[in-house]
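Using the sequences and the hints given, assemble the complete structure.
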Amino acid sequence: MNSITTPDAIQIVAALLFSIGVFGVLSRRNLLIILMSVELMLNGANLSLVGFAREFAHLPGKSESAQVMVLMAMAVAAAEVAVGLSILIALFRHVRSVSVDHPQATTLRD
Amino acid sequence: MDPLSPLSSLSYDVGDFLYVIPIAIPALFGMIVLILDIYLGRGSNKTPLALTSGLGCLLTAVAAWALWAPATGAPVMAGTLAPSAFGAVAALAILIGTTLIGFSVAHHSQSADGVGVDLGRSIAHGELYGLLLFATSGMLAMTIANDMVTFFVAIETLSIAVYALTGVERRRARSAEGAMKYFVLGAFSAAFLLYGMSLLYGATGTMRLDVLAETAIKPSDLPMATVGGTLILIGLLFKVGAVPFHAWVPDAYEGAPSAVTGFMSIGVKVAAFAGMFRIVEGLGACGALGADLAGSPVGSWVLWFVAALTVIGGNAGALTQRNPRRLMAYSGIAHTGYLLVALVAFTRQFGHSSDALNMTYAAHDAAAGLLFYLLAYALANAGVFAVINHLERRGEDVDSLDDLAGLAHTQPRSALVMAVCLLSLAGIPGTAGFLGKLWVFRAGVASGDVGLVVLALMASAISLYYYLRIVVIMYMREPQAGTAGASSEDPQRWCSRLAILVAGVLTIWLGVYPPNAILKLVVDGAQALVH
Amino acid sequence: MSTFLVLLVGALIVVAALMTVTQRNPIHAALSMLIALGGVGALMIGLKAHFLAAMQVLLYGGAIMVLFVFVIMLLTLREDELGPEPPSATRLLAAVGALALTFILFSALSRRSDTEFREPDNDAKIAAAEAKGDVRRRTKVYYGSTEHFARVLYTDYAVPFELITVLVMAAVAGVIVLARRPDSMTLEATKLMASPAASRAASAGGGAA
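Residue numbers (our numbering), protein chains in the order written: chain A, 1 to 110; chain B, 1 to 531; chain C, 1 to 209.
These are computed hints drawn from the structure, not numbers from a lab. We treat Cβ as the ideally placed atom computed from N, Cα and C, and that holds for glycine. A hint or two may mislead.
Claimed, not checked - Looking from chain B toward chain A, a few residues come up when the C-beta cut is under 10 Å (computed): (1) L193; (2) T206; (3) A446; (4) G448.
Right under this line is the structure:
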């Protein structure tokens, strides 16, 4: 463990978070959980960006772009979750399930 | 300048804001359309919305031509944008899609008997045009983004608008289902894109594509840059629907209303390909694509296989489809494959083989071919979907190819344009699609990828079968009562007839006698990308 | 920040993330995710990205988590509405895929050399600003502070920032379209909806008339 530096530790955590998110998307059928897994992936990417930005902090003009990127990614994630959950609700009205693969539903429920 | 002025802390010229105008106009018109829709009221004729969005697109096209086309591709706005003729041509292709598709659904809000509300397919029209324009704004930003921050925000702007558009037809479960599939895979690919950008940034310390191209990556950081580049490309290949990342395409295309399907197949693909070329240029120039023993980039070979799989998968899938939207989905995948041939030819220049000069020529050809192909593809797809939208209305859905039977007898002009556009997609001489394919395949041969080009040629010969089958159904069969093909011309649908006419005329014009202004713009665009 | 602390918080994040993706009950998953997001926020403070850490808590912990919990409560899912879980073979494949990805990422990251956190260049920046006589930059510019951040965001990154507004507009319009209840229908229209054949006949008749 001695050879692991702090920047590496951050990147390891970020990579693990991203991979766990990928596992969640691939292994689950519940749309809510899939959305959460995507959020975990985005968080892994954000953490890795912040870690890299900190590595470049001593060089002028290199770290800002990554920090702005993280803020943009958070805004995008919020918008994405809003749209994703409304798609979920629209689908739930039709099929009464939050599963991504369910028997074909054609009737409309009101 | 006065040190207390807010503009004094800008690191760039205030005049750079001019280059943002073509991105801002669609967003502005999107808001205008949303407000206008409130005043029009529910159930009224929504043609004014189509006209307004058409005006917005026209202004945008003029602005893009006037402002971006003369630019050389040098970074502006502190490096966030790099306007050039490349962006201008891609913008034209995107705007063709938005305008024609917008015009072709203008009559959808009218019910069949001309009075009352169209309850059957309750598309929210104001939001439809608003979202089309917001997405267009994101697409235009993507074509000239020079910074991964701008690039990511732009691709997400268009994606979020298109997710919502896919589910716009709330009454149908299939629409919500298509939106869900598209959304899940789209969000998944966005996360790949973001993490890839992060790794690339970690390896190079920059988010700017032009700086990236000039960065010499330390050998110890090269694996990270390569993995980052791969993740970015995976994210983008999802968006263009390349095999094996195409699983969402048929379901999303079938589930979405035809208007949205048409828009997706044009705008998203054009923007994603323009963005992909720009990203690949940066990746290749900094060496992240690697090099094999012969000096050719390893990334080219990976893309070679993706292109081959996509060409085969798209055409094979299209052969058996009965639903026109599903057929166009697979046809779109096939066209992604042909465009990937151009990308492969483009990446060959980044190797260090002996004939570097030839490879540069091939890359130039590939970029020019891509631009012309995108224009041709946008026109042809817009034509096909304009006809489908023109025919569709309550109770006259085009859900099967048989619904088009006998169209040549009832609506000869629509059938003719549809036939022309399908032949252009198949690449028959005399249409724009033929010149596009010729240009792209010539680049492929010049870069030494003869095998891939032969494969693509054979595949496009096969594609003739399923395109011609539609033509045969339209011309050889008798119309069946109650289908869209049997309905006669309706004077209220002048907006969509105009869209059909424009698509048909431009497809022929570009194919028979492409105007010099367009050709010059295409070549300038390639010049801006390949130095 | 010591490596040990990072690994400790990291272990917490990983466990919470694993719980998020394996819980059957969405509300349990959401609560686990909150822990993981909080852990990421803590690491961001350790990385001196103070503004981003605040945004992480406000945006993820505040906005996004509330959205999730709100929707879960709105749907009040029963057991059968959660849908079936995929067969264990699928899960195994997913696990293999995720492990392969982790391996690729780790092997790429392990090649890196020269990874140390050095002190940010605050002092040099302030000196440069003073030398230029820029009054507005004379205030201290800390790495990761809101002011440092805002200066970049509203000047160099004006274009992506404005694009975010378009994105949010699109999201708002999109959510309204998607989540609005279908318009109330008249009786006649309901009948038409019920049978496509009747609807076709009606429209064909309308066209003829």
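| task | If any of the earlier hints don't hold here, list their numbers in rising order. | result | 3, 4
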